[in-house]
Amino acid sequence: MNENENSSSEQSEGTEKRDKKSRRLRPVRKTQSQVLQEALNIQPEDLKDIEGKLSVIKFLDYVSQEPLDFAFKEREVEQYTKKIVERINNFDSTTEEDKLLKKRFEEKRVLEAVNRIITQAEEVAQSKGVKTSIEKKRRNLNLKIMAPLLGVAAVFLILPFFGIGIDYTYMLIVMCAFCIVPQFIQNSAVKKWFRFKEETRDDIYTKNRDDILVVKSYVSEVLANIRSNLLELEVPLDLIKFSLYHRDYEDLKVINQRQMRGLIEYYVSFEYPEGMEPFPIPEQLQQQYNQPIFPEKKRDEKPEKNFVVLTEMKGKDGVITGFLPSLKDNLADKINQMLTDSEFTESELGFNEIIPNYSPDLAIYCICGEVANIETVNVCNWKNEFKFYLFEGSPCDCGDQIYAISLMDESDYIPIELQDIFSS
1 MNENENSSSE
11 QSEGTEKRDK
21 KSRRLRPVRK
31 TQSQVLQEAL
41 NIQPEDLKDI
51 EGKLSVIKFL
61 DYVSQEPLDF
71 AFKEREVEQY
81 TKKIVERINN
91 FDSTTEEDKL
101 LKKRFEEKRV
111 LEAVNRIITQ
121 AEEVAQSKGV
131 KTSIEKKRRN
141 LNLKIMAPLL
151 GVAAVFLILP
161 FFGIGIDYTY
171 MLIVMCAFCI
181 VPQFIQNSAV
191 KKWFRFKEET
201 RDDIYTKNRD
211 DILVVKSYVS
221 EVLANIRSNL
231 LELEVPLDLI
241 KFSLYHRDYE
251 DLKVINQRQM
261 RGLIEYYVSF
271 EYPEGMEPFP
281 IPEQLQQQYN
291 QPIFPEKKRD
301 EKPEKNFVVL
311 TEMKGKDGVI
321 TGFLPSLKDN
331 LADKINQMLT
341 DSEFTESELG
351 FNEIIPNYSP
361 DLAIYCICGE
371 VANIETVNVC
381 NWKNEFKFYL
391 FEGSPCDCGD
401 QIYAISLMDE
411 SDYIPIELQD
421 IFSS
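Residue numbers (our numbering): 1 to 424.
Hints listed in this document are in silico derivations from the structure and should not be mistaken for laboratory results.
All figures in this text were calculated on a predicted structure; none of them were measured in a lab.
Just to be clear, a hint being listed does not mean it is correct.
[Said to hold, decoys possible] The list that follows gives simulated cross-link-like pairs (lysine-lysine, DSS-like), each with its CA atoms no further than 25 Å apart: (1) Lys328 / Lys137; (2) Lys103 / Lys128; (3) Lys99 / Lys131; (4) Lys48 / Lys58; (5) Lys316 / Lys136; (6) Lys136 / Lys108; (7) Lys216 / Lys58; (8) Lys103 / Lys83; (9) Lys136 / Lys53; (10) Lys128 / Lys53; (11) Lys102 / Lys53; (12) Lys316 / Lys253; (13) Lys58 / Lys108; (14) Lys241 / Lys53; (15) Lys99 / Lys216; (16) Lys128 / Lys192.
Make a model of the complete structure from these sequences and hints.
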């Protein structure tokens, strides 16, 4: 009996070691930057510098177009501006052209212009009865809705102890209300918010016209600097694609565009100087960069992956104590791109350590309603500036497989281009 137990124990230990070794031997996915570095033989610092400048212009371009998205969000705005200032300060240690960019940032008082734009947006919102962000409003609505529903559910649970019979049909109705009513009211609030943004956009632009022009003129200077750097490095300009919310900057060409929540997002790349022959694109990059930005899907085509994002995450130092799972299949393309631009490493913490109270009350669910069995936990490093968890579920009995994404710390800075992925 003891021999059998020892044999079984040794066998399980050996299996665990093999599984762990196989996980460690998985090839690390290369980021877009790494692929470019290898194919074009350029230094990592050069691309990192370009990515840093692109993150600066994306924030400035976005805030000049949609300041209401930053209204009543002092903490988030502080995080974004702190990151921007850090990047601008780094210009002091690079080229003379970059030092000039820093000097122009200070001369134009870009940060002060950004703060005035957001403050004016808040004042316009308050004058029309809006006094909080849509995220906070949704949380408050959720609490107001759930409190009475929980009270009704508690009554149904208590009454049988007093000998009062319960028709469980009513309990079923209450459970349906738990699922439908909060989502319906929150969706209604979001629609009103986007309608409000549309109605006030012209008013906010009129009040902030001078400051918006200051911000956009600085964005133009940074774009010209990036384009000059790319030409010096002989990087094919068609390979560098990014998104903006204004299309009137010089030396850019619009590749594609899409309507997104009441505004248009433009996907652009740089144009070559007049008369200049384009740099050839290496053969190993042709297939990757000739794919359409918005690949069309057949109506009956099933999404390749189901992405759940743990929104409203509560936790510190890699340990998650609370979250609200949100299916983000509508952002699958954007999430896939985020994963493509990330490096993967195996988490030092096991799943039971990361979510110690994982249970039906706090769980990641498959789309069929079953609790997902998490098989692998990866720490993803997006462009060396943002880390997050990727939880991979084992295939469910229904045939689907769930992938969940989460912050590692509730106070983590979320890059502006990933904000809609992690927001509730």
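Going down the list of hints, with the structure as the test:
1. Lys328 / Lys137: Holds, at about 20 Å.
2. Lys103 / Lys128: violated (38 Å)
3. Lys99 / Lys131: violated (40 Å)
4. Lys48 / Lys58: holds (15 Å)
5. Lys316 / Lys136: holds (21 Å)
6. Lys136 / Lys108: violated (33 Å)
7. Lys216 / Lys58: holds (11 Å)
8. Lys103 / Lys83: With a Cα-Cα distance of about 17 Å, the restraint between Lys103 and Lys83 holds, given a limit of 25 Å.
9. Lys136 / Lys53: At roughly 31 Å apart (the allowed maximum being 25 Å), Lys53 and Lys136 break the hint.
10. Lys128 / Lys53: Not OK: Lys128 and Lys53 at ~36 Å, beyond 25 Å, violated.
11. Lys102 / Lys53: holds (11 Å)
12. Lys316 / Lys253: violated (43 Å)
13. Lys58 / Lys108: The hint holds at about 18 Å.
14. Lys241 / Lys53: holds (14 Å)
15. Lys99 / Lys216: holds (19 Å)
16. Lys128 / Lys192: With a Cα-Cα distance of about 13 Å, the restraint between Lys128 and Lys192 holds, given a limit of 25 Å.
Hints 2, 3, 6, 9, 10, 12, counting from the list given before, are not met by this structure.
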